[in-house]
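**Student:** Chain residues, written in single-letter form:
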Amino acid sequence: MEDEVEQDMHEPNSFWTKYVWSQDHKVIAIQYSVIAILVGIVALVLSGLMRLQLGFPGHFDFIDPSAYYQFVTMHGMIMVIYLLTAIFLGGFGNYLIPLMVGARDMVFPFVNMLSVWFYLLAVLILMASFFVPGGPTGAGWTLYPPQAILPGTPGSDWGIILMLVSLAVFIVAATMGGLNYVTTVLQARTRGMTLMRMPLTVWGIFTATILALLAFPALFVSAVMMLFDKTLGTSFFMPAIISMGQQLDYEGGSPILFQHLFWFFGHPEVYIVALPAFGIVSDLISIHARKNIFGYRMMVWAIVIIGVMSFVVWAHHMYVSGMNPIFGYFFATTTLIIAVPTAIKVYNWVLTLWRGNIRLNVPMLFALGFVSTFTIGGLTGLFLGNVVVDLPLSDTYFVVAHFHMVMGVSPILVVFGGIYHWYPKMSGRMLNDTLGKLHFWGTFLGTYAIYFPMHYLGVLGVPRRYFAYENYDFIPDSAKDLNALISVMAIFVGLMQLIFIFNLVWSLFKGKKASDNPWEATSLEWQTETTPPGHGNWGKELPICHRWAYDYGVPGYAQDYLPQNFSAESGEKT
Amino acid sequence: MSILSSITEKPWEQGVIPKVQHKGKVNTRRAGLKVLLVVISALFFLFIVAFLMRSQYPDWQPLAEQPSQPLYDKSQLWLNTIYLIMASLFLQLAKTKRQHFPQIGLMLGGLFSCAFVVGQLIFWQHLYQQGFAVDVNPALSFFYLLTGLHATHVIIGLLVWLYAVSAVISRNTKRSQAIMNQCISLCAMYWHFLLGLWVLLFALLVSKPETYDAIVEFCGLGGV
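Those protein sequences? They're chains A and B, same order as listed.
Its first residue numbered 1, the first sequence is counted upward by one per residue in this note's numbering.
Its first residue numbered 1001, the second sequence is counted upward by one per residue in this note's numbering.
Fair warning: there could be bad hints in the mix.
As the list claims (entries may be wrong) - If the Cβ cut is set under 10 Å, some of the chain B residues that face chain A in the computed set are:
#1 Glu1009
#2 Gln1014
#3 Val1049
#4 Tyr1057
#5 Gln1092
#6 Lys1095
#7 Pro1138
#8 Gly1222
Simulated from the structure, these hints should not be mistaken for lab results.
Here the structure is a predicted model, which is why all the values come from computation and not from measurement.
Just so you know, even glycine gets a beta-carbon here, dropped at the ideal spot from N, CA and C.
Pulled out of the complex, with its shape left as it was, chain B reads as follows:
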């Protein structure tokens, strides 16, 4: 039933009672995850709006324009991006449930995610050693804030991943098999989302000031 027809139903009239309404746990968890992803999207959307509005103030300095700027050398960030792509890819492969592949895919997906988090930390340390601390300029503050928050979400995902791994280790029962399959399917969706989010943040953080100006102009955020 479409949304429109369900909210225009006339409930005072006698309707037909559907035979089955129950949708089962898997669907429920997927639905719950989708709601969560909407909330996380709202969170990052608002951060990005704040970023764009802040970028219009005169003390703003871009991060990746000149060799002297912190994100000019992006090689570590590209490497981290590849880690996250691999993580996403392996979880997707694990989901397809080929022979023995779920376990291997799950493990590799998690390990690449750990590599991503460690890689981000290495890059933070690298920046810090070069004197680019969090309070140096507002764009850099946003860089630490957004990457930190994104990595926190990866780590939260890794907690679910650990739960699935524990199910793999004791994989004798049907129940642990079911838990693992469900976790893999949910993790795959979550990781694809985090990958998309990371690519968006990466692109935003290394863009040119003209790009910010254009977006702000287009969205009517200027002069607020």
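So that you can see chain A by itself, here it is in the shape it has in the complex:
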């Protein structure tokens, strides 16, 4: 009863408290997602500009080398942190966790609201760097010192400072959100919702949040220390160095120390993005193939094992950094071991599809697309995880192709799949199916056309991070043709996203009205009394969970799915 009273006190009644300073997890989730998509569009445009330069060098006067590096840096950082991390944890996490575990809201709604406003602040600080003297930093998304803060690197005056401050603010936002997600899963599950009855989406987001809470501090440490080096003249990372003919005041610092700290964050970051994607894909595949997920427990354990192991593979990003070569053996081994639980997940997705009653709805198309791109991207990861194979391929387009397939294209396909899947619950209307299919095929085939050829460029030895490829004898003319093709496809895929944006806005007003449970799914978010769910999510009583989230095709029932709150004894939902 106390819970009911507490909820009533928060009931918003003005426009401002309902949509702007809202403490409702559903509104916060949408705020997070809208900001992330908007900033993602900025990053998409930046990638288009990069591709214009690479595909058609010399044709665009406004792209000089400095601008090119700034595009690269901002594109990478925005996509990884401000789009993918934010939308998976802040967007999907916020929307789905309370609904899927049967809670009325996050456990700390006020902190949750602060989280989204800090995130917006971080985005604004980052965007401000486009308008300061010298522009944003062009140090590459890894921000390696010493070059990141030395004159000569674009944005080394203001851009790098704004980047570091923005990251620190983002980490505060992510921590406030993360506290909510973890505590809500641990404390606010409804009656009967044991840990092993939670949908895999919740498991993925939950584990990724724990990774974020433990890994983001490493980024915070490196950002703060680099900020000290830049602004106060300390020498944490800065060695004694001569820059532009002048001996600087720095001495004795260790750039490798930065790399260790950065990648101690950077590798778990890959899984902060991948684990929610794994979880969401598992649910999409199960729901749209009308079958229980194959090997549920193994799927949960694999998520947890991948999460733990992601903390002991970071130095595979540093094989060429000059670190102790013996470390290479250790990190190559752990990297290859992490492929085992990951492969288990891929097999289980395929086995879930096996003899399923597959409905090729748009979310399902995106889920299947993910399995394909993730497998390809994961396989090239096995190449790069081996030290001897990595050395010649390092810093070539093979690496660019690998990480875009595995943590660019794959998670973003899941983001799209998830949005097509849950949009009806969020808005009460279906997204347009034809536009959705067009969007899927354009994006899926288009991204393959971008990244598959890049593997060949990489094997040819075409280096990444170069502004132009003139006068390199080892790069044949055909590589330049291929680059032009890749650029055309990149622009094409970028334009395809306009269909998606149009669909989101158009369907909000003109889309077909959605029923409460259009996909006939079992998990609790589809069993709410109203669509979209009202404040407090559930009616007077919280739902009671009687079963796991994968009861599809249970013998003896007329319908092919049993909702989690369906009681076999009473024969109705509770």
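With chain A held as given, fit chain B onto it using these hints.
**Tutor:** Here is chain B on its own, set in the frame of chain A:
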């Protein structure tokens, strides 16, 4: 239910539905604070690892070996440590809820914490006046960084403390009483943690280089 048995449960089998799952707000807030403390621990753990790795480079100078070094005279730091111990102690006493003691304990706990923060600032100023600025040597940079960050955490705690004090001032209602009790309990846990953290940082910063070398050797952090 233990962790092991909960993650080996077979969810496809029909299970028993527990009568009550709801754990109440107090537990939730305590759980949230514990998660936060884990995150702060991770943050400082990584700073300490960075400190130890940086200590292996040839330009490293210890802080408390010779009279000419900045932390040789530790009297102000000891005084600050006592302030923080007192703060922690009073909050713990406030938690035990003896007659009238919660209010007094809460007030004194906060005031001693303020004294700690001011004391740290005085020590910073003292160092600065002696010419030990933040960029003089890397150990000193770490000193400013770590003490500054620790003090920031104390100040964040003081914000919660202020919230509790405001509840004390308007302590007519049952609700403000409940808020105060809850804040005291959470503050006590947070302050004990900050005290432990401070003692660890203090010990680390004034240790001898041989100690760093030994830890680095033991943890295998050398030569990375």
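**Student:** So, for every hint listed, does it hold in this structure?
**Tutor:** Status of the hints after comparison with the structure:
1. A cut of 10 Å between beta carbons decides the hint on glutamate 1009 (chain B): the least distance to chain A is about 4 Å, and the hint holds.
2. Annotation: glutamine 1014 (chain B) was flagged as interfacial toward chain A, and the flag holds, the nearest CB pair being 7 Å apart, inside 10 Å.
3. The interface hint given for valine 1049 (chain B) holds, since its Cβ lies 8 Å from the closest Cβ of chain A, which is under the 10 Å cut-off.
4. The beta carbon of tyrosine 1057 (chain B) is positioned within 10 Å of a beta carbon in chain A (closest approach about 5 Å), and the interface hint is therefore held.
5. Because the smallest distance between the Cβ of glutamine 1092 (chain B) and any Cβ of chain A comes to about 24 Å, over 10 Å, the interface hint for this residue is violated.
6. Taken as an interface hint, lysine 1095 (chain B) does not check out: its beta carbon lies about 22 Å from the nearest beta carbon of chain A, beyond 10 Å.
7. A distance limit of 10 Å between C-beta atoms decides the matter here; for proline 1138 (chain B) the minimum to chain A is near 6 Å, and the interface restraint holds.
8. Checking glycine 1222 (chain B) against chain A: minimum C-beta separation of about 9 Å stays under 10 Å; hint holds.
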